[in-house]
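Student: Now for the letters of each chain:
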Amino acid sequence: MRTAFIKTLFDLAKQDEKINLIVGDLGYSVVEPFQKEFPSRFINAGVAEQNMTGMAAGLALSGKIVFTYSIANFPTLRCLEQIRNDICYHKANVKIVAVGGGFAYGALGMTHHATEDLAIMRSLPNMLVVAPGDPVEAKLATQAIVEHEGPCYLRLGKAGEPKIHQDKINFKLGKALELKYGTDITLISTGGMLFNTLKAAEKLEEQGISVRLLSMHTVKPLDTEAVLKAAVETSAIFTIEEHSIIGGLGGAVSETLAESGNSQVYFKRLGIPSTFISQVGNQEYLRNLFSLSAEGILNSVETTLKKTESWSSKKFI
Amino acid sequence: MPELDAEQLKILATKIRAQVLKMTHRAKSSHVGSSLSIADLLAVLYGSILKINPKNQNWEERDRLVLSKGHACAGLYAVLAEVGYFPPENLETYYQNGSYLAGHITHTAVPGVEVSTGSLGHGLSIACGMALAGKQDAKNYRVFTILSDGECDEGSIWEAVLFAPHHHLDNLVAIVDYNKIQSIGRVEEVLNLEPLADKWKAFGWSVVEIDGHNFEEIQKTLGQVPFKSGKPSCIIAHTIKGKGISFMEDKLAWHYQQPDAEQLKLALSELGLRE
Numbered sequence: 000m001r002t003a004f005i006k007t008l009f010d011l012a013k014q015d016e017k018i019n020l021i022v023g024d025l026g027y028s029v030v031e032p033f034q035k036e037f038p039s040r041f042i043n044a045g046v047a048e049q050n051m052t053g054m055a056a057g058l059a060l061s062g063k064i065v066f067t068y069s070i071a072n073f074p075t076l077r078c079l080e081q082i083r084n085d086i087c088y089h090k091a092n093v094k095i096v097a098v099g100g101g102f103a104y105g106a107l108g109m110t111h112h113a114t115e116d117l118a119i120m121r122s123l124p125n126m127l128v129v130a131p132g133d134p135v136e137a138k139l140a141t142q143a144i145v146e147h148e149g150p151c152y153l154r155l156g157k158a159g160e161p162k163i164h165q166d167k168i169n170f171k172l173g174k175a176l177e178l179k180y181g182t183d184i185t186l187i188s189t190g191g192m193l194f195n196t197l198k199a200a201e202k203l204e205e206q207g208i209s210v211r212l213l214s215m216h217t218v219k220p221l222d223t224e225a226v227l228k229a230a231v232e233t234s235a236i237f238t239i240e241e242h243s244i245i246g247g248l249g250g251a252v253s254e255t256l257a258e259s260g261n262s263q264v265y266f267k268r269l270g271i272p273s274t275f276i277s278q279v280g281n282q283e284y285l286r287n288l289f290s291l292s293a294e295g296i297l298n299s300v301e302t303t304l305k306k307t308e309s310w311s312s313k314k315f316i
Numbered sequence: 000m001p002e003l004d005a006e007q008l009k010i011l012a013t014k015i016r017a018q019v020l021k022m023t024h025r026a027k028s029s030h031v032g033s034s035l036s037i038a039d040l041l042a043v044l045y046g047s048i049l050k051i052n053p054k055n056q057n058w059e060e061r062d063r064l065v066l067s068k069g070h071a072c073a074g075l076y077a078v079l080a081e082v083g084y085f086p087p088e089n090l091e092t093y094y095q096n097g098s099y100l101a102g103h104i105t106h107t108a109v110p111g112v113e114v115s116t117g118s119l120g121h122g123l124s125i126a127c128g129m130a131l132a133g134k135q136d137a138k139n140y141r142v143f144t145i146l147s148d149g150e151c152d153e154g155s156i157w158e159a160v161l162f163a164p165h166h167h168l169d170n171l172v173a174i175v176d177y178n179k180i181q182s183i184g185r186v187e188e189v190l191n192l193e194p195l196a197d198k199w200k201a202f203g204w205s206v207v208e209i210d211g212h213n214f215e216e217i218q219k220t221l222g223q224v225p226f227k228s229g230k231p232s233c234i235i236a237h238t239i240k241g242k243g244i245s246f247m248e249d250k251l252a253w254h255y256q257q258p259d260a261e262q263l264k265l266a267l268s269e270l271g272l273r274e
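Going down the list, the protein sequences come from chains A and B.
Just so we're aligned: 61 in numbering that gives the first Met the number 0 is position 62 of the first sequence, and the numbers increase by one with no gaps anywhere.
Just so we're aligned: 49 in numbering that gives the first Met the number 0 is position 50 of the second sequence, and the numbers increase by one with no gaps anywhere.
Calculated directly from the structure, the hints in this document are not laboratory data.
Since we're looking at a predicted model, the values are computed, not measured.
Quick reminder that beta carbons are idealized off the backbone N, C-alpha and C, glycines included.
There may be inaccurate statements among the hints.
[Unchecked claim] Stretch-level coverage of chain A by chain B, calculated; a stretch enters the list once three of its residues show a Cβ under 8 Å from a Cβ in chain B: (1) 79-91; (2) 145-151; (3) 215-224.
[Unchecked claim] Here are the computed lysine-lysine pairs in the DSS-like style, where the Cα-Cα straight-line distance is at most 27 Å: (4) 17(A) with 27(B); (5) 250(B) with 90(A); (6) 17(A) with 50(B); (7) 27(B) with 35(A); (8) 13(A) with 138(B); (9) 27(B) with 250(B).
Please work from the sequences and hints to get the whole structure.
Tutor: Take a look at the structure:
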């Protein structure tokens, strides 16, 4: 995703002189081509995220399209008030990019796990929150947020995620992508969980369950239409995110469902409980600890469905 | 902007002070001392230094002023009204229900306000971004920002102080309103900033210290920026909190207290005005 992002940004910057890239002294072996091609529009702000973010707002208020770039929680939590006051209140045209969403920096430890970012960014007025599911979505998301005038948070995984979309997709901010049409249950994934969710969906299908799979690349504004449609057309909805179950995709979907008046649909959030992790491990190891591997998702869905009375009579359980 | 002469600048400063007193009295709001300490700086900036056009507030070539000490908003609202951005009678809505004139400087629906602040330590970074954009676009505008002394406790200020000289932002001017009193104590007792000028110099700024109430000195100094080509300029303005009103001067209480009717009358009479 990181590679797709920087390549796309490079191409966009060729066409639009307003685009600036500001990094917080991170991006080794990623940002160099941009720096070389557009030296006056590339700034390494140093290890100083508050200034990076306030300065980005100042540039944007002077007509620039500004990307701030760092990893994990550094471009978001470290400078949260600058994001709220300087960027969001002024509707400044700044795109905040974090590489390393979720457990992407697994073994680097708790400080490098971005596991509350979606919730925090989502709560800010005027902020768009986008977490693409694969490199194809990352490319299209980068293009889309440049076209969108205003603050945006782009949460990326790392480099090397599998390409999931093989055909051309119709990517629109705020519109879920339907990877599978199904009528029994709906799996809604955001960000890099898409691959594991797809694998789990395939296993469920082998058991005869008709699975609807949505990639909810835009967490805010949420595609409530797709959620409500799934609530009517399928019997259970699961959200899957590499993020705290509080306030992120699961939070957003549950808010929508709770206010919809639809009490028929069964709903469960799969994600990280509100806890810190002290165990060391790579991304897949840590995902597995919280049942976010393909198998973990599969088991969680199966277990939940079995516990649900209305499902016990269904033929496929 | 028509350039005001020395006498007119003094009149403008007096008008700002009078408005600030009336606004804080009416609103029962804080920070009267903080606005009075920058009244002379604001008068000179808006009366003779800033290239602005109140009739065309989005003019691209305009000089920008970022009030980083957003709590001194009454002073800035007052000068903006007095130089023609909006009718002075609108100042009566300051702090009132349904008004746009908030108790920390707010840009939404207030002509002439570039940036909203209120949490300290934000303005200098925003000003850096504006100055950098000016350099990128080869524009001649300057960016001025007014900081409080207490605000210099914020780490984010020093991130920006590092940044500006590194990027040779000589179109950037930081004015520190050094009135020596911060929120609940004297600066030297809370968190000593001295040697303040040496700190800015060591970070790479061109620094000039002035008496922030001496019109001639303010005007002359602001007229000379940048002090050195390729370097951002820092003006450390030695000021007096509550300046101009004898019973408010250099008193911590007037960071919070507002003049009652009697005190307002007395204060206005000290300015040579009636209510």
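Student: Each hint: holds or not?
Tutor: Consistency of the hints with the structure:
1. For the stretch 79-91 of chain A, the stated coverage by chain B holds: 6 residues have a C-beta nearer than 8 Å to a C-beta of that chain, and at least 3 were required.
2. Here the stretch 145-151 of chain A counts 0 residues with a CB under 8 Å from a CB of chain B, which misses the bar of 3, and the coverage is violated.
3. Coverage of the stretch 215-224 of chain A by chain B is violated in this model, with 0 residues showing a Cβ closer than 8 Å to a Cβ of that chain against a need of three.
4. Distance hint between residue 17(A) and residue 27(B) is unfulfilled; the C-alpha atoms sit about 45 Å from each other, more than 27 Å.
5. For a cut-off of 27 Å, the pair hint linking residue 250(B) to residue 90(A) is broken: about 38 Å separates their Cα positions.
6. Between residue 17(A) and residue 50(B) the alpha-carbon distance is near 25 Å, which keeps this suggested pair within the 27 Å criterion.
7. Straight-line distance between C-alpha atoms of residue 27(B) and residue 35(A) comes to about 56 Å, which puts the hinted pair past the 27 Å bound.
8. Pair hint residue 13(A) plus residue 138(B) holds up; C-alpha atoms about 22 Å apart against a cutoff of 27 Å.
9. Of the pairs offered as hints, the one joining residue 27(B) and residue 250(B) holds, with about 18 Å between alpha carbons and a cut-off of 27 Å not exceeded.
Checked against the numbered hints given earlier, the structure breaks hints 2, 3, 4, 5, 7 and satisfies all the rest.
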